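For the sequence shown, our numbering begins at 229 and goes up steadily by one.
Read the hints as simulated data drawn from the structure, not as lab findings.
Model, not experiment: these values are computed from the prediction.
There's no promise every hint is true.
Estimated spans, in silico, between C-beta atoms of each pair [said to hold, decoys possible]:
id	residue 1	residue 2	range
1	271	317	22 to 28 Å
2	338	372	29 to 35 Å
3	257	301	21 to 27 Å
4	293	354	17 to 23 Å
5	376	300	16 to 22 Å
6	257	284	44 to 50 Å
7	313	290	40 to 46 Å
8	360	286	25 to 31 Å
9	286	364	30 to 36 Å
10	271	293	17 to 23 Å
11	297	324	19 to 25 Å
12	350	290	29 to 35 Å
13	294	361	25 to 31 Å
Glycine is no exception: its CB is placed at the ideal position from the N, C-alpha and C atoms.
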Amino acid sequence: MSARQAAFAIVVMLVLAGCGGGGGSSRLSKSEFDAKANAICDTYQAKINAVAQPQSVSDVPGYIDKVLPLLREGTSKLDHLKPPADLQSTFDEWRQIQSDQVDEAVALKKAAGKGDGAEVSRIANEASAKNKRGNDLASQLGANTCAKD
Numbered sequence: 229m230s231a232r233q234a235a236f237a238i239v240v241m242l243v244l245a246g247c248g249g250g251g252g253s254s255r256l257s258k259s260e261f262d263a264k265a266n267a268i269c270d271t272y273q274a275k276i277n278a279v280a281q282p283q284s285v286s287d288v289p290g291y292i293d294k295v296l297p298l299l300r301e302g303t304s305k306l307d308h309l310k311p312p313a314d315l316q317s318t319f320d321e322w323r324q325i326q327s328d329q330v331d332e333a334v335a336l337k338k339a340a341g342k343g344d345g346a347e348v349s350r351i352a353n354e355a356s357a358k359n360k361r362g363n364d365l366a367s368q369l370g371a372n373t374c375a376k377d
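When you get a sec, could you build the whole thing from the sequences and use the hints?
In structure tokens:
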């Protein structure tokens, strides 16, 4: 996997797996949750896709600097959703995956900043398995837009 592909893969995984813990005072119905989560994912996937992908390892830190605030903003919006009670544990696991992948994006930036292509690939490969699990969880939640690669 090239450094450019690895950086983009990490960011896509973050968006697709991204979610936060429930906030607010009342739980949403399943259909309300699905609609709101999918709308948030649509919005932030479009914003992230508008950022030019890195063309080399040296481009990765700047790319992550641009997309990480978008990821955090989208996650914050998702964080305010309160899923139906029967989906809370799935939602919480989805949240943990996103948190782990934000950390991986930061590590990816550091590795790319050092020009360490092997470490960039290692991080991307680790994140790939989390992406699959995150997509599965998003599908279980009904956040199908968030589950798309």
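Right, here's what the structure says about each hint:
1. 271 with 317: 22 to 28 Å: At 26 Å between Cβs, range holds.
2. 338 with 372: 29 to 35 Å: holds (33 Å)
3. 257 with 301: 21 to 27 Å: holds (25 Å)
4. 293 with 354: 17 to 23 Å: holds (21 Å)
5. 376 with 300: 16 to 22 Å: Holds, since residue 376 and residue 300 (Cβ atoms, about 21 Å apart) stay within the stated range.
6. 257 with 284: 44 to 50 Å: holds (47 Å)
7. 313 with 290: 40 to 46 Å: At roughly 42 Å between Cβ atoms, residue 290 and residue 313 fall inside 40 to 46 Å, so the hint holds.
8. 360 with 286: 25 to 31 Å: holds (29 Å)
9. 286 with 364: 30 to 36 Å: holds (34 Å)
10. 271 with 293: 17 to 23 Å: holds (20 Å)
11. 297 with 324: 19 to 25 Å: holds (21 Å)
12. 350 with 290: 29 to 35 Å: The hinted range 29 to 35 Å is violated for residue 350 and residue 290, with Cβ atoms some 21 Å apart.
13. 294 with 361: 25 to 31 Å: Since residue 294 and residue 361 have Cβ atoms about 26 Å apart, the given range 25 to 31 Å holds.
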